[in-house]
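Residue numbers (the working numbering), protein chains in the order written: chain A, 1 to 109; chain B, 1 to 114.
For the record, the hints were derived by calculation from the structure and aren't laboratory data. Do not take every clue at face value.
[As the list claims (entries may be wrong)] Taking lysine to aspartate or glutamate pairs in the EDC-like style, the calculated list, with each CA pair at most 20 angstroms apart, reads:
| # | chain 1 | residue 1 | chain 2 | residue 2 |
| --- | --- | --- | --- | --- |
| 1 | A | 2 | B | 20 |
| 2 | A | 45 | B | 101 |
| 3 | A | 45 | B | 24 |
| 4 | B | 11 | B | 56 |
| 5 | A | 2 | B | 56 |
| 6 | B | 57 | A | 3 |
| 7 | A | 42 | B | 24 |
Being a predicted model, the structure only gives us computed values, none of them experimental.
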Amino acid sequence: RKEVEQDPGPFNVPEGATVAFNCTYSNSASQSFFWYRQDCRKEPKLLMSVYSSGNEDGRFTAQLNRASQYISLLIRDSKLSDSATYLCVVIGSARQLTFGSGTQLTVLP
Amino acid sequence: GAGVSQSPSNKVTEKGKDVELRCDPISGHTALYWYRQSLGQGLEFLIYFQGNSAPDKSGLPSDRFSAERTGGSVSTLTIQRTQQEDSAVYLCASSLGWGRDGYTFGSGTRLTVV
Chain A
1 RKEVEQDPGP
11 FNVPEGATVA
21 FNCTYSNSAS
31 QSFFWYRQDC
41 RKEPKLLMSV
51 YSSGNEDGRF
61 TAQLNRASQY
71 ISLLIRDSKL
81 SDSATYLCVV
91 IGSARQLTFG
101 SGTQLTVLP
Chain B
1 GAGVSQSPSN
11 KVTEKGKDVE
21 LRCDPISGHT
31 ALYWYRQSLG
41 QGLEFLIYFQ
51 GNSAPDKSGL
61 PSDRFSAERT
71 GGSVSTLTIQ
81 RTQQEDSAVY
91 LCASSLGWGR
101 DGYTFGSGTR
111 LTVV
C-alpha cells in the first residue's frame with residue numbers, strides 16, 4: 001500500500017461547480033498535511049495547510065480526519081484557472097515529506 | 001535569496017557522462033529535499049537534508065546518485081554515468097525547520113540524457 005494515496009482523476013467539471021478531492025495516508029504518526037498545486041511543467045506550489053479544525057481560504061476548504069487518516073480539499077465555484085494537478089502532501093514523524101501522485105482537475109468553460 | 005534557485009534550468013547530456021545539479025535554498029531554511037519527476041508522473045523522493053546531514057537517503061535510486069550540502073545552504077546532486085532513465089525534472093525544495101509551514105520548490109532542472 002502506498003503511503004499517500006489519491007484518486008488520480010481526471011476530474012472534468014464545468015465552471016462554477018464544486019469539486020472535492022480526498023487523500024488517504026497510511027502512517028498514523030504523520031504530523032503535518034498540505035495541499036499543493038502543480039501546473040503543467042511547473043514546480044508544485046503550496047496551496048494550503050490542513051489542520052484538524054479545518055481551514056478555509058476563499059473558495060478552498062481543507063479538512064483533516066485523523067481517525068480515518070484522510071484529508072480532503074473542497075473547491076467551490078470552480079474557475080478555469082483552477083485547472084491543475086492537486087497534490088496531497090504528508091510529513092511523517094521522521095520529517096520525511098511524502099507526496100501523493102496527484103489528482104488532475106480540468107475546469108471546462 | 002527570495003526563492004529556491006536551481007541551476008542549470010535545462011541540461012542535455014550524453015549517456016555515460018556525469019552531471020551536477022545545484023540547489024540554492026531560501027536563506028535560513030534548514031531543511032532541503034530533492035525530488036525527481038518524470039513526464040506525467042508523480043514526485044519521487046530522493047534525499048532529505050537537515051542542515052548538512054542527510055537523515056534519509058533511502059530514495060536515491062542507485063549508487064550512481066549522490067548529494068551533499070555544505071554550510072547548511074547550497075546542495076548539489078551528482079549523477080554519475082548517466083542513463084536514459086535518469087531523464088526527468090529534478091526538483092529541490094526547502095523549508096524553515098521541519099516544514100510545518102510548508103515547503104517552497106525551485107523551478108527544477110530538466111535533465112535529458114541522450
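Evaluation of the provided hints:
The straight-line distance between the Cα atoms of residue 2(A) and residue 20(B) is roughly 30 angstroms, outside the 20 angstroms bound, and the hint therefore fails. For the proposed pair residue 45(A) and residue 101(B), the alpha carbon gap of about 12 angstroms is at most 20 angstroms, so the pair holds. Under the criterion of a C-alpha separation no larger than 20 angstroms, the hint pairing residue 45(A) with residue 24(B) is consistent with the structure, at around 17 angstroms. The straight-line distance between the Cα atoms of residue 11(B) and residue 56(B) is roughly 26 angstroms, outside the 20 angstroms bound, and the hint therefore fails.
As the CA atoms of residue 2(A) and residue 56(B) are separated by approximately 18 angstroms, the hinted pair is consistent with the 20 angstroms bound. Simply put, residue 57(B) and residue 3(A) have alpha-carbon atoms about 17 angstroms apart, close enough for the 20 angstroms limit, and the pair holds. Distance check on the hinted pair: residue 42(A) and residue 24(B) sit about 18 angstroms apart at the alpha-carbon level, within 20 angstroms; holds.
Comparing the model with each earlier hint shows violations of hints 1, 4; every other hint is respected.
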